[in-house]
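K.L.:
Chain by chain, the residues:
Protein chains: 2
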Amino acid sequence: MSSSISSRTIMFGKFNVTSQVFHVTQHSFALVNLKPLLPGHILVSPLRVLPRLSDLTKDEVADLFLTATRIQRTLKRLYKADAFNVAVQDGEAAGQSVPHVHCHIIPRTRGDPGGDDKVHEWLEGEEGNIARHQKQAEGGGDVERKAAKWVEDDERKPRSMDEMTSEARWLREELAKDEEQDSTRL
Amino acid sequence: MSSSISSRTIMFGKFNVTSQVFHVTQHSFALVNLKPLLPGHILVSPLRVLPRLSDLTKDEVADLFLTATRIQRTLKRLYKADAFNVAVQDGEAAGQSVPHVHCHIIPRTRGDPGGDDKVHEWLEGEEGNIARHQKQAEGGGDVERKAAKWVEDDERKPRSMDEMTSEARWLREELAKDEEQDSTRL
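From first to last, the protein sequence lines are chains A and B.
Taking full-length UniProt numbering, I'd label the letters of the first sequence as residues 1 to 186.
Taking full-length UniProt numbering, I'd label the letters of the second sequence as residues 1 to 186.
Hints were generated in silico from the structure; no laboratory data involved.
What you are looking at is a predicted structure, and each value in this text was computed from that prediction instead of being measured.
There could be a bad hint or two in this list.
Claimed, not checked - The calculated PhoX-like cross-link candidates involving lysine-lysine, where the alpha carbons are at most 25 Å apart (straight line), are:
id	chain 1	residue 1	chain 2	residue 2
1	B	K80	A	K58
2	B	K135	A	K58
3	A	K80	B	K177
4	A	K58	B	K14
5	A	K76	B	K58
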């Protein structure tokens with residue numbers, strides 16, 4: 001496995017996602033997805049493992065969404081995005097699968113396959129079940145659901161750690177370019 | 001029409017929504033919906049009429065999401081919410097209908113009719129077309145779409161201005177209670 005970008009271990013819920021992380025701020029981190037719903041679909045989370053927005057301090061909430069907004073600039077350039085879905089499923093009854101606050105950032109382009117509700121269908125359905133994807137990546141458990149659901153979900157193959165580490169590295173480099181260019185704006 | 005809560009005129013895109021506003025901060029405002037997808041579905045927007053998150057300053061982004069998170073506390077109490085969908089459709093290709101940044105806050109409870117993707121289907125479909133609802137409330141335009149779509153959408157009747165003003169007043173009072181109780185937290 002390639003070396004990870006972050007020098008510290010970063011946990012997303014109970015999962016070690018250090019290799020998937022491409023950006024770390026004072027309170028937040030951004031990670032690439034094992035199974036992005038659309039190209040460039042990333043997540044932003046607080047460094048502290050807490051389930052709900054209401055568990056965070058003001059500084060953590062502000063940093064989370066400022067980080068999410070700042071990263072959009074780079075994703076827009078890299079993925080030629082016309083728009084973004086920015087979504088937090090804040091609690092299980094809202095579709096949250098990993099009990100650690102995470103903000104989905106999904107680049108959208110006109111006419112992309114995420115139109116007509118597809119992005120949100122995916123987000124709430126098995127396609128968006130990040131907990132299950134991470135478990136599969138770690139080779140653990142969840143066997144019954146895998147057997148039952150794997151086929152429908154199979155079109156988006158989980159990516160290898162090397163692939164994600166490499167994407168994370170690329171995003172970090174591209175993000176750094178934008179930050180150098182204009183350190184005063186978002 | 002009842003008197004509005006805010007002493008200033010507040011615009012949501014091209015719509016005067018002053019009567020629907022229940023909370024105003026330095027940079028943001030919160031308004032009740034003409035056709036809430038679920039009870040307690042509200043919107044938070046920056047006071048400046050700008051279409052995209054990337055158009056906002058850091059202070060505006062931070063204030064927007066801090067306001068959204070703070071309001072959840074009151075909505076949780078009033079609507080006995082177990083969870084929330086927090087969503088920004090940032091640009092038309094992501095389903096945005098009014099070109100003014102707005103963050104949907106949708107209280108969720110276990111087993112509510114918004115489960116199985118319904119909330120997001122509504123959000124992206126005609127049910128979530130806030131622009132059209134506001135136009136209908138003002139008695140203007142959009143006749144063809146109304147003719148074509150009104151029937152399916154008709155189960156959720158647009159609410160009267162009096163009803164919304166009254167809800168806005170209630171929410172403002174309840175929000176004030178929570179803010180008094182604990183001014184140091186979110």
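K.L.:
Taking the hints in turn, state whether each one holds.
P.N.:
We went through each hint and held it up to the structure:
For the proposed pair K80 of chain B and K58 of chain A, the alpha carbon gap of about 23 Å is at most 25 Å, so the pair holds. Proposed proximity of K135 of chain B and K58 of chain A is contradicted: the alpha carbons are some 36 Å apart, above 25 Å. Under the criterion of a C-alpha separation no larger than 25 Å, the hint pairing K80 of chain A with K177 of chain B is inconsistent with the structure, at around 45 Å. Simply put, K58 of chain A and K14 of chain B have alpha-carbon atoms about 31 Å apart, too far for the 25 Å limit, and the pair is violated.
For the suggested pair K76 of chain A and K58 of chain B, the alpha carbons sit about 18 Å apart, so the restraint of at most 25 Å is met.
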